[in-house]
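Trainee: Sequence:
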Amino acid sequence: MKIKSHFLLLIMLLVTLISSCAPMDSFDEESFSKPIDTSNAGDKIKTGHLNQGEPLKEPRNQSQFQAGQYQPPQIPEPQPSEPLLLNYHLGKGDLISIKVFGEEDFSKTTHLSESGTISYPFLGELQLSGFTIKEIEQTITDGLQGDYLVNPKVTVTVLEYRQLFVNGEVKNPGGYAFVPGMTVNKAISLAGGFTDIASREEIFIIREGNTEAAPSLVNLKSYVGPGDIITVKEYKKFFVNGEVKKPGGYDFIPDLTVEKAISMAGGFDKFASANWGKIYLIRDGGKKTRVKLNTPVEPGDIITVEESTF
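Letter 203 of the sequence shown, counting from 1, is numbered 203 in the working numbering, and no numbers are missing.
Rather than coming from a laboratory, the hints here were simulated on the basis of the structure.
If you're wondering where the values come from, they're calculated on a predicted model, not measured in any experiment.
Don't take each hint at face value.
With a Cα cut of at most 25 Å, we get these calculated DSS-like pairs of lysine-lysine [what the hints assert, rightly or not]:
id	residue 1	residue 2
1	LYS260	LYS171
2	LYS287	LYS237
3	LYS292	LYS278
4	LYS246	LYS221
5	LYS108	LYS171
6	LYS171	LYS236
7	LYS245	LYS221
8	LYS236	LYS186
9	LYS236	LYS260
10	LYS233	LYS245
11	LYS153	LYS237
12	LYS287	LYS236
13	LYS292	LYS260
14	LYS278	LYS233
15	LYS288	LYS270
16	LYS186	LYS99
17	LYS171	LYS245
18	LYS278	LYS237
19	LYS237	LYS288
20	LYS108	LYS134
21	LYS171	LYS134
22	LYS260	LYS221
23	LYS237	LYS260
24	LYS278	LYS246
25	LYS246	LYS260
26	LYS186	LYS246
27	LYS92	LYS134
28	LYS246	LYS287
Computed Cβ-Cβ distance ranges for the label pairs, DEER-style [said to hold, decoys possible]:
id	residue 1	residue 2	range
29	GLY175	ASN294	46 to 54 Å
30	THR155	GLU202	19 to 27 Å
31	GLU307	GLY175	49 to 57 Å
32	THR155	ASP196	45 to 53 Å
33	GLU202	GLU259	46 to 54 Å
34	SER113	PHE204	26 to 34 Å
35	GLU306	ASN185	26 to 34 Å
36	GLU202	LEU159	18 to 26 Å
37	ASP147	SER107	16 to 24 Å
Every residue, glycine too, gets a C-beta built ideally from N, C-alpha and C.
Input sequences plus hints: build the corresponding full structure.
Mentor: Right, here's the structure in full:
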């Protein structure tokens, strides 16, 4: 009887445990075997979305690549150190080399004559003065084309440029060899530098020796070219002496009066005439003349302010 009671208790315990467990969902064989729909997966990727995540960023310039319109960044061409040589017109004294590819008989090195011409095989006398390198190459190409050569390749190079000239207030005026990249300052240095009365502001240049052209005002950093004529003007100064705070020489300016000149010299000092009545001027080495404050001043004038007397 004791064994039966134990057996009944065990059965009751098992029933209790089984009833407390949650029932399993029924197995749907049809759902398990149904294929996954992937028909719109590609569309999601193309539109830049995956599920609910952030949209994918389009690669830079992707539309340009797809349309075949992408252009690589443009690298600027290097600029020459001497801009004037781009359109330089040859002149007498220039030494040039003419080469025709594969044709030694047509290659030549020669100076332009005083009249600006050269003698060239089969073409005779050629006037080259006043023409650019490209124009000369085209002239020779046209002359050789057909009658002598088929599609000639002509190259003209300047081996030595004609001189430039530096005149005026420099220590050694004259002609000097030109080198590419030369500035006004370098040219003046070749001419020995400025004289004591040379102006640093009034420097003029005539390009390529064209004396019919008006001179152009330039500065020390301006480029020069072959055949240029540089002229350094005399320094325009006036002088203020005597009872002023800063006696000395000053640059002349237009519409200058005695009053402005004294102001440039720092004004009257404490010993100057109280009534401004003793101001004198010497012009062109002449006599000393008493002047007023509104008297016009010219380059080279010497103004003297005398001490006050009581």
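Trainee: Each hint: holds or not?
Mentor: These are the hints, each one checked on the structure:
no.: 1; hint: LYS260 to LYS171; result: violated (33 Å)
no.: 2; hint: LYS287 to LYS237; result: holds (19 Å)
no.: 3; hint: LYS292 to LYS278; result: holds (9 Å)
no.: 4; hint: LYS246 to LYS221; result: violated (31 Å)
no.: 5; hint: LYS108 to LYS171; result: violated (39 Å)
no.: 6; hint: LYS171 to LYS236; result: holds (18 Å)
no.: 7; hint: LYS245 to LYS221; result: violated (35 Å)
no.: 8; hint: LYS236 to LYS186; result: holds (23 Å)
no.: 9; hint: LYS236 to LYS260; result: holds (16 Å)
no.: 10; hint: LYS233 to LYS245; result: violated (29 Å)
no.: 11; hint: LYS153 to LYS237; result: violated (58 Å)
no.: 12; hint: LYS287 to LYS236; result: holds (21 Å)
no.: 13; hint: LYS292 to LYS260; result: holds (12 Å)
no.: 14; hint: LYS278 to LYS233; result: violated (34 Å)
no.: 15; hint: LYS288 to LYS270; result: holds (23 Å)
no.: 16; hint: LYS186 to LYS99; result: violated (33 Å)
no.: 17; hint: LYS171 to LYS245; result: violated (34 Å)
no.: 18; hint: LYS278 to LYS237; result: holds (22 Å)
no.: 19; hint: LYS237 to LYS288; result: holds (18 Å)
no.: 20; hint: LYS108 to LYS134; result: holds (17 Å)
no.: 21; hint: LYS171 to LYS134; result: violated (38 Å)
no.: 22; hint: LYS260 to LYS221; result: violated (31 Å)
no.: 23; hint: LYS237 to LYS260; result: holds (14 Å)
no.: 24; hint: LYS278 to LYS246; result: holds (18 Å)
no.: 25; hint: LYS246 to LYS260; result: holds (13 Å)
no.: 26; hint: LYS186 to LYS246; result: violated (34 Å)
no.: 27; hint: LYS92 to LYS134; result: holds (18 Å)
no.: 28; hint: LYS246 to LYS287; result: holds (24 Å)
no.: 29; hint: GLY175 to ASN294: 46 to 54 Å; result: holds (48 Å)
no.: 30; hint: THR155 to GLU202: 19 to 27 Å; result: violated (42 Å)
no.: 31; hint: GLU307 to GLY175: 49 to 57 Å; result: holds (53 Å)
no.: 32; hint: THR155 to ASP196: 45 to 53 Å; result: holds (49 Å)
no.: 33; hint: GLU202 to GLU259: 46 to 54 Å; result: violated (25 Å)
no.: 34; hint: SER113 to PHE204: 26 to 34 Å; result: holds (29 Å)
no.: 35; hint: GLU306 to ASN185: 26 to 34 Å; result: violated (42 Å)
no.: 36; hint: GLU202 to LEU159: 18 to 26 Å; result: violated (35 Å)
no.: 37; hint: ASP147 to SER107: 16 to 24 Å; result: holds (18 Å)
Of the numbered hints listed earlier, those contradicted by the structure are 1, 4, 5, 7, 10, 11, 14, 16, 17, 21, 22, 26, 30, 33, 35 and 36.
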